[in-house]
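So the protein sequences, as listed, match chains C and W. Residue numbers 1 to 418, in our numbering, belong to the letters of the first sequence in order. Residue numbers 1 to 418, in our numbering, belong to the letters of the second sequence in order.
No lab work stands behind these hints, which were simulated from the structure alone. Worth double-checking, as some hints may not be accurate.
Pairs count within a copy or across copies, as identical chains cannot be separated in the list.
Derived EDC-like pairs (lysine to aspartate or glutamate); straight-line CA-CA distance at most 16 Å [as the list claims (entries may be wrong)]:
no. : residue 1 : residue 2
1   : Lys-205   : Asp-112
2   : Lys-386   : Asp-400
3   : Lys-327   : Asp-84
4   : Lys-3     : Asp-98
5   : Lys-81    : Glu-221
6   : Lys-327   : Asp-353
7   : Lys-417   : Asp-86
8   : Lys-386   : Asp-396
9   : Lys-386   : Asp-88
10  : Lys-417   : Asp-98
11  : Lys-283   : Glu-221
12  : Lys-340   : Asp-396
13  : Lys-223   : Asp-101
14  : Lys-79    : Asp-112
Owing to the predicted nature of the structure, the values given are computational and were not obtained by experimental measurement.
The residues making up each chain are set out below.
2 protein chains.
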Amino acid sequence: MGKGTLLYAQSGGVTAVINATAGAVIQAARGRKVKVLAARNGILGALREDLVDTSRESAAAIRALAHTPGGAFGSCRFKLKSLDQDQDKYQRLLDVLDAHDVRWFLYNGGNDSADTALKLSEMARVTGYPLTCIGVPKTVDNDLVVTDTCPGFGSAAKYTAVSVAEAALDVAAMADTSTKVFVYEVMGRHAGWLAAAGGLAGVGKDDAPQVILFPEIAYDEAKFLARVQAVVKKVGWCVVVVSEGIRHADGRFVADAGGGKDAFGHSQLGGVGPLLAATVKDKLGLKVHWTVPDYLQRSARHIASATDLAQAQAVGKAAVDYALAGKNGVMPVIVRTSSKPYRWKIAPAPLADIANREKTMPKVFIDRSGFGITAACRAYLQPLIKGEAPPPYRADGLPDYVRLKNLPVARKLPAWKG
Amino acid sequence: MGKGTLLYAQSGGVTAVINATAGAVIQAARGRKVKVLAARNGILGALREDLVDTSRESAAAIRALAHTPGGAFGSCRFKLKSLDQDQDKYQRLLDVLDAHDVRWFLYNGGNDSADTALKLSEMARVTGYPLTCIGVPKTVDNDLVVTDTCPGFGSAAKYTAVSVAEAALDVAAMADTSTKVFVYEVMGRHAGWLAAAGGLAGVGKDDAPQVILFPEIAYDEAKFLARVQAVVKKVGWCVVVVSEGIRHADGRFVADAGGGKDAFGHSQLGGVGPLLAATVKDKLGLKVHWTVPDYLQRSARHIASATDLAQAQAVGKAAVDYALAGKNGVMPVIVRTSSKPYRWKIAPAPLADIANREKTMPKVFIDRSGFGITAACRAYLQPLIKGEAPPPYRADGLPDYVRLKNLPVARKLPAWKG
């Protein structure tokens, strides 16, 4: 070896196409004769020296990552603190990287992961360890700043738009004697991007979804119920898309019943869909049904967006190019160069501009009623769900998803006692 | 016309392929030069004389029904009582049929709808009105007797198997620091067919779903929790597929909180998924996520089974053949002539043998643990999800679903005062 290895890891909630990024990273590195190690379960695998050797995987297996959802190497929710507070952990990371001759570190995740990559690059600079750190974007929440969109979002958006359109046909058929209101809960802690994507299901004035509830707009029960009632009166039925993260005017999450927290300290949400459904049933006396797709929306590789897939692969390839060119502390971001026709390119952006920030929906993307998307929002979103990229299917009717061998790299250090 | 019209209507919960049956009915009737009227919202449209003229639809629109989910003419949940109890309604139906020269009535639905078709055929016989009634099978619940399977089930089964497989990849990637148990709630009031279909997601011993809860097996919380804990200990995570209709040993639905009823008098279910998730969280202290796909599972035409689609079209064509041949009071059912290779044909079966009965999972389809499917069950289910039949997509990334014109037939009778 001698010339160094590249370490790749996945972090945060996985997506339908994060493995497509991984596959592109490995293919690009192989093309440059660079060996790729992967850390199991994100940065934790680096701390634990729990690494796998991707060079043991066949070219066919690596190609198949492009159509396999989930996280092939495992992910984690684990946030490193400041260099001062977590000095021992950063030192351990450098020890592991050094032991395995790692010269390039690619961390594939959201804004928390960009922060981890940035801090590690700072630590390396402080200590003089020769390391190039790259943050590789990924999140169905679409809430990273600087980049036009985030790999993973387009596919979750396509899943949402298609599912809302299909469910709306069901509700329309049943409304005469059965369900009048259907509530569809989407992910999105603080940003309404996936809720907005539900809006792509309809084109005409009265098409579903007739009501979208964004986390960017304070929830007003009376206004919501009045809107639902008006739609049912006019259309005969109503589809509501609601973001898991909607809040009351005082900032409390509408869904906040238990108040659990995840490892990043975010509230554990879910359940606002059935809650709103019960409100509609009790206050308006209408028959309701509701859905919470939860993980299905972010793992539905079978209905991925071809645009999203291409971007997920492009950021992976660019990340390797930037790493080998020594562009430290950057993220390959998606730059929209034209909306009609849709054109995009990849460019490097400083991690310092991206880490720990969140992009919510701009005001001009939500219509004056507060319950719908504007033409500008549609023009932004539409290209992201364009094109189909179905996985190959096995003879038994299931997608032919790959399971990697994930053979471990021999440990060289004592066990981590973190 | 003079030679008579054929009346087609859709009933009960709609499916991904009930419109494919409708399209096949209309195409077959057009081929025989028979005019097809459709009742809006099932039998209610017949009572209300709310009929549409399908001859006003283009051949392309009728072809597009094959790839459009929902119910193109609207459905209903409405059960006619006995001939004695609902004499006025049956008389009204005969008046409407007579006014529009209807000689053949095709009712597309489940076991309640087979009952309606049967009763109407009896009423016609009693009164001497020349009418041939055919029940056309449809239900994602797969609970009709006599027929090997029900159109609509195979597609919902494929949706379920694919979604469970995809979610399992997500959970496997997250389990180290986040979700350990994922609960997936499927439809199925009294029969565990869709829960069993979730079992197709995995092949190996420890593959997801590691726990399936069937309505055919009494729910035992202690046994369930012990199983989940053992799986998490061995595999690191666990996927649970649960039927909405699981019951305690005393017969109470586990989900029964509110106790609402639908128009057929069935309990309104939903919510057992989050309930089990909370149990796992509280009793085992494990991080959980849950999903309730609800209508998505029965309207997901985008992931329909090609086998299911072919069968939905075949029963539609056969229904027209039987009707025009005067085979009164029958249903075209699917007969499995071979499992390996899978072969099937359509044959007529008396509605009297099918109406108001339910087929639950046979004991030999559930393994000894009570939490999994047997090889026999897999052999039965596997062919039903075989093959893909994606809809065409528009340039904007959404499926190109058709909306019929549904032009009304001029009324000839006074309004119904039912």
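Now the hints, each set against the structure:
Taking the closest pair of Cα atoms, Lys-205 and Asp-112 never come within 16 Å of each other, the shortest separation being 39 Å inside a single copy and 36 Å across copies. Proximity of Lys-386 to Asp-400 under the C-alpha cut-off of 16 Å is restricted to the inter-copy arrangement: shortest distance 13 Å between copies versus 23 Å within a copy. Taking the closest pair of Cα atoms, Lys-327 and Asp-84 never come within 16 Å of each other, the shortest separation being 25 Å inside a single copy and 84 Å across copies. Taking identical chains as interchangeable, the C-alpha atoms of Lys-3 and Asp-98 lie at most 16 Å apart only when both belong to the same chain, with a minimum of 12 Å there against 88 Å between chains.
When the C-alpha separation of Lys-81 and Glu-221 is checked against a cutoff of 16 Å, the pair qualifies neither within a copy, at 39 Å, nor between copies, at 41 Å. With identical chains, the CA atoms of Lys-327 and Asp-353 are at most 16 Å apart within one copy only, with a shortest distance of 15 Å there and 74 Å across copies. In this assembly of identical chains, the alpha carbons of Lys-417 and Asp-86 lie at most 16 Å apart only when taken from the same copy (14 Å versus 77 Å across copies). When the C-alpha separation of Lys-386 and Asp-396 is checked against a cutoff of 16 Å, the pair qualifies only between copies, where the shortest distance is 6 Å, while the shortest distance within a copy is 28 Å.
Within a single copy, Lys-386 and Asp-88 get their C-alpha atoms no closer than 46 Å, and across copies no closer than 54 Å, so neither meets the 16 Å cut-off. Proximity of Lys-417 and Asp-98 under a CA criterion of 16 Å is satisfied in neither setting, with 18 Å inside one chain copy and 84 Å between copies. In this homomeric assembly, Lys-283 and Glu-221 come within 16 Å of each other (Cα to Cα) only inside a single copy, at 10 Å, whereas the closest approach across copies is 34 Å. For the homomeric pair Lys-340 and Asp-396, the shortest alpha-carbon distance between copies (12 Å) is at most 16 Å, but the shortest distance inside one copy (41 Å) is not.
For a Cα distance limit of 16 Å, the shortest separation of Lys-223 from Asp-101 qualifies neither inside one copy, at 60 Å, nor across copies, at 49 Å. For the identical chains of this complex, Lys-79 and Asp-112 are intra-copy neighbours only, at 7 Å inside a copy versus 56 Å across copies, given an alpha-carbon limit of 16 Å.
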